[in-house]
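K.L.:
Chain residues, written in single-letter form:
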Amino acid sequence: MRGFWKLALVEIKIYLRQPEAAFFTLAFPLVLLFIFGSIYGNAPNELFGGRGMVDVSTPAYLAMIIGSTGLLSIAISISSYREKGVLRRYRATPLRPAAVLASQVVVHFLMTLVGAVLLIASARAVYGLRFPGRAGPVALGFALSALSFFAVGFLVASLARTARAAYIVGLVLYFPNLFLSGATIPKETFPPAIRSAGKFIPLTHVVDLLQGLWFGDPWGRHALAIGVLAGLFVLGVAVSAKAFRWE
Amino acid sequence: MTEDAAAIQVHSLVKSYGRLRAVDGVDFSVRPGEIFGLIGPNGAGKTTTIECLEGLRAADGGRVRVLGLDPAADGQELRERIGVQLQQSALPDDMKVWEALDLFASYYRRPAPWKPLLERLGIADKRQTRFARLSGGQKQRLFIALALVNDPELVFLDELTTGLDPHARRSMWDLVKGIRERGKTVLLTTHFMEEAEFLCDRVLVLDHGRIVALDSPSELVRGLAREVRVLFTVESPLEAAALRAVPGVSRVEVNGSRVLVEGRGDRLICLVVNALDARSVRFRDLRTEQAGLEDVFLALTARPGPDGGAR
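Sequence order for the protein chains is A and B. Its first residue numbered 438, the first sequence is counted upward by one per residue in our numbering. Its first residue numbered 867, the second sequence is counted upward by one per residue in our numbering.
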């Protein structure tokens, strides 16, 4: 473990020095919260099954943070480290290769968590966010979702030959996930065709799972989402383990 | 030399990429405290060789011992004891100089204090500068500092001065000499023959993955036995015959006041000057041209290319 925590700490500092990375994780969810919050408020609304807009959107925005971290931040940072030769330089030290990758997971998970806490605290302070569910299951669901999307990020970084390719693939995956999953625009406003198409979008399952747990659903009601996310995780890890290149 | 005494011992090293034999049966050993150079044209196998020694690449065949360890099997242990500067590598753009040193120091069991290292490498004033903002020379200094942060016994420098201006290159040379003065062994690759000639105790010339020569730079140059040329300007008329009579001289060319003398022998210059003096011929702007390592390199690695010249 020598070197690992210091690497994670330095990576956090570096992350915060890149405004564009921090923007999507920390600021953008707040921007959406305030825009939609100021339009709809958080009064109970028929459209959302009698729930408030902010109550429904907050867990959905959590899904958005997870999606952008996995599909963009992780994919781009790992592939650009490889392209520039940062990974090569680390490999020439006694630091264990797994520690380099693990530090990326730790850093991005922490940043995702900070984004989530900021969002929840703001929604509560400004719009009186309601939380009928329990914290434990929501935290677990959040962790499962994050790990499965991080694994997809690793998969993109492993298969893309260049940082530019990883960036493009990341964006191509990210935007449909963002808009068709209900992570930004509430699913309740979608026409039925798009709602059913959304079932094939992985992030939809994160939105479903986190919204469900947020409102106190038992795990059993979200077996499909859990299955999809666990499957993505296994797929991402297995393919990355085979295809990952250090240079 | 026994195997234990050698810093590096390489027996019939082979490494292929697909059908290309990048390194094709290379043998050499490096003594402790030596500055050992690997030179050769692009694609000769220098970097592949060095990466096999560092344990970054697995050899296909042969036997390699670095500080008595097998890089393929004991890579982790070996990397504790060697310092590495890679030809192509980088740090994250937004990592600061001091953070890089502090971080890399934490990777080793016995790190050297890194603050004096920054002083020695002349980048102490760049402590707070991010990697992306450093100049090429400063980046190389930082990479040397990182290569020394574990107080290694053996340092690998792969094309340390490529892309640097002549000033920066000269100061890198002083740094490399300084590393050796601290009792460390250095293995370096370079494209600059001047650099190999100035720094290296011994030079290995690689071409197409094979050794074409291995000796000290001066021996390699002597082996080439090129003629020495002496050029000067005379201030009074000179009979060419007077110089032709000097022992060792093979050719004299007088072109107005410019004179060119070609010949062999360590004392040629001295004899020519004496002959001029004896005839009271005043001369100025005397210079000599001698074969250097560059001529050796070109002679050893020359090959016909599509344009008729060396590649």
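Hints are computed from structural coordinates only; laboratory data are not their basis. Please note: incorrect hints may appear among the correct ones.
Unchecked claim - Straight-line C-alpha distance at most 30 Å; calculated BS3-like pairs for lysine-lysine:
1) A:521 to B:981
2) A:443 to B:992
3) A:450 to B:1005
4) A:636 to B:1043
5) B:1005 to B:1043
6) B:992 to A:450
7) A:521 to B:1005
8) B:981 to A:443
9) A:624 to A:636
10) B:981 to B:1043
11) B:1005 to B:981
12) A:624 to A:521
13) B:1043 to B:992
14) A:450 to B:981
15) B:1005 to A:443
16) A:636 to A:679
Every value quoted in this text rests on a predicted model; they were computed, and no experiment measured them.
K.L.:
Checked against the structure, which of the hints given earlier come out wrong?
P.N.:
Numbers 4, 12 - these are the hints that the structure violates, sorted from lowest upward.
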